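Protein chains: 2
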Amino acid sequence: MNDNVNMCLLPIEGIKIIVDLEEIKIVDYNDRVKVPVPKSEGTDYRLSKQKPPYDPRINRAAIVQPDGPGFQIDGHTTSWMNWVFHLSFDARVGQVISLASIYDSEKHKHRSVLFKGHVSELFVPYQDPTDEYYFKTFFAVENSDCPNNAVFMDGYYAGQDGKLVKVPNVFCIFERHAGDAMWRHTELDVPDKTEARPEVSLVARMIATIGNYDPALDWEFKPSGSIKIQATTHTHVEQIKEDVYGTLLGDNTVGLYHDHFLIYRLDVDIDVSDNTTPRKSYWTVVSETAKTESEAKIQLGLKPAELVFVNPNKKTKPGNSYGYRLIPGLTTRAFTKYNVWVTQYNKSEIWAGGRYVDQSHGEDTLAVWSLRNREIDNKDMVFWYVIGIHHLPCQEDFPLMPTLSAGFELRPTNFFESSPVLKVKPPKPVTLPKCSAIP
Amino acid sequence: MNDNVNMCLLPIEGIKIIVDLEEIKIVDYNDRVKVPVPKSEGTDYRLSKQKPPYDPRINRAAIVQPDGPGFQIDGHTTSWMNWVFHLSFDARVGQVISLASIYDSEKHKHRSVLFKGHVSELFVPYQDPTDEYYFKTFFAVENSDCPNNAVFMDGYYAGQDGKLVKVPNVFCIFERHAGDAMWRHTELDVPDKTEARPEVSLVARMIATIGNYDPALDWEFKPSGSIKIQATTHTHVEQIKEDVYGTLLGDNTVGLYHDHFLIYRLDVDIDVSDNTTPRKSYWTVVSETAKTESEAKIQLGLKPAELVFVNPNKKTKPGNSYGYRLIPGLTTRAFTKYNVWVTQYNKSEIWAGGRYVDQSHGEDTLAVWSLRNREIDNKDMVFWYVIGIHHLPCQEDFPLMPTLSAGFELRPTNFFESSPVLKVKPPKPVTLPKCSAIP
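Protein chains in written order, with full-length UniProt numbering: chain R, 1 to 439; chain S, 1 to 439.
No lab work stands behind these hints: they were computed from the structure. Computed from a prediction, not measured in an experiment: that's the story for all the values here. Don't take every hint at face value.
Same chains, same label: a pair holds when it works inside one copy or across any pair of copies.
Under the rule of at most 20 Å between Cα atoms (straight-line distance), these lysine to any residue pairs were calculated in the SDA-like manner [as the list claims (entries may be wrong)]:
(1) 228 <-> 392
(2) 297 <-> 169
(3) 228 <-> 391
(4) 291 <-> 353
(5) 16 <-> 359
(6) 228 <-> 319
The shape of chain R in the complex, shown without the other chains (with noise of 0.2 Å):
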């Protein structure tokens, strides 16, 4: 073996070892095949590997917020501009948003909008149909995944003796100011009547390493009363086999062609818990309520549809009903056939995929589970969204691959009688300093 870091570009392929981890013994070990493994050269990513660097052009640029960081941590509870949440570490799923809710300037009060929010199954099924397999997973955020203002956070679980284990730095939390608007006005024939205000949001993430497989997740608030998550995928496996299921990208290196499937659970509370979903057709505002969990099932991009959780007990002064609709990102179709459910709350239904994963007997699973077909209306719902990233390989992606994004929103329809964000008022302006401090 040579110096070369970048192990998951240096497989050996064939063998499989299965093990009784109750009696600590192997009892099956099988080498199918061998196979030529790939050379090493030009996989190594490391900067210090790298001569010389290729474009010196990237600048040095920092975000300066001279007044600090616009939001307060208190535990795990973060506040910011509307915002308030609680972000606490899962050792199974890692990031678990809960009891996010936004405050309302008219009514003068924090209103509830997601009860409890997290990741329920992660699914990147390769198009291999061999089936050499590892996982393995942690969680960490570095200093070069967030932003200079990012400020962390640690987690913390119950280790296999009871006793806390400490997550050092498992997600950071920065104000992002991408450079975007929140709004914009120009006012036709009335001279310097343009407005706008610069989009700023608070996003929490973290960073789970998977095998080969690095998502970034991030949970971004909005002062506009919007949520965006938003899964960014970064996979570098490169497996030597026959090209049919893949593209060549060097000697002996195949990329094989695959899926990233994330499964959300939203326990969504919408201004109160139980909720209902009106559904429109698209031009007329004749509303029917999905009122089962069949009815409430989507195949996004098949045909318009709307998703709304609304409060049914509760109007806006003309008369429309609180609630917060989905906004979906582009969408991959495949296992789950579904990209969006939604069931009655049932404390025991957590993870989509069953319990115990490729453990399980189907039977405790989300598509299962719906099969019963409960009533939603006006019930306790959770929402259950699959993002899905179609991953063709090329030889871009080789040895590292540019990230891909997708994602969706949640965002605020008649929940606020009107904009929540007309009346921000928008930051001073920093001078930019030209002291010589800046080294």
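Take the given structure of chain R and dock chain S to it, following the hints.
Here is chain S on its own, set in the frame of chain R:
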């Protein structure tokens, strides 16, 4: 009339005046119906009129770049990292990107990606069968539309008298630091083997004010070779209509349901001017080539589809054709039926909706040109993409709508031999100044 400036919210409805512009004469006047004018209360968006400001907690923030911007502008040509492109102004469509090419560090030359790209058509069909209508466009970006590190560029066009007309500050150009990673990798079981590079991209932005509608149009260039094209809408029209076509937003105010369609025209030249579009079935690489215009049309969302443009006459070392592929965004299907069209290049085919739009007789439109079903295989091709945003207004959009975005991405696919960003050197960290120069 009171001193409220938000005229879009105070329309005098039901009046239609038709003017003969050759004779400068009113030829028809129709006062169809009297409609009560909405209340102006709560519609003034100007900061000076907000008291008290709702939330002052958006802290001051700015991007500092001690070495200045990382791009160079020479006339209308911008160079940044591995990209070079030309940005110019057209009186009808605004922003025109041309001769975009990317440096290949292995071939030691710039290689063509896009010959010319711009919006061909913008269409906002309101679901309102009555015919009051207005249309007026102007272009300009304001300081508040772009981050503090933006550089502004003027545009020029030939006026009616043949003289040069300058449009000041029509574009802004800036490096976007949104806090994401360009790539990231952790090697399992090897300590301290996580590296990541911050994602930095170059954005060229234009904002068009068209009646009540202010779309921000971004062309974003990434060091990975991707070009991301995005339209962000900010619509503020509220009209007074019976409830069936919209949502009641307040006294006498109804937000009309509507779609936003932008049709982009991209004369792609991937490596060379004559390209081919192989089609892949999703899970095996049996490629079929779309040989004619009708074979290349796509209804996104209906079934998995991959659109790739390749130079059919050159191969990478492992034998893949140099290519770029489409990563579509969220899709709204509607009037154009197809989201994606490919036509053989024809210099007269620029305007998807016809040269004179609503005065056209329908014979010079994209739908008609493509009926000729010309060969596209190994020809100079034009790629048309329809961005659709479906807008069901809600009370949060009153009086000003938070932004909503949609777009698509062209991403290199075996265009390079390997990742073009592996060797990008991360910028040296900026030590934030603690001097008194920050006010």
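Here is how each hint holds up against the structure:
no. : hint        : in the structure
1   : 228 <-> 392 : between (26 Å within a copy, 19 Å between copies)
2   : 297 <-> 169 : neither (37 Å within a copy, 48 Å between copies)
3   : 228 <-> 391 : between (22 Å within a copy, 18 Å between copies)
4   : 291 <-> 353 : neither (24 Å within a copy, 42 Å between copies)
5   : 16 <-> 359  : within (18 Å within a copy, 70 Å between copies)
6   : 228 <-> 319 : neither (27 Å within a copy, 40 Å between copies)
Violated hints, in rising order: 2, 4 and 6; the structure is consistent with all others.
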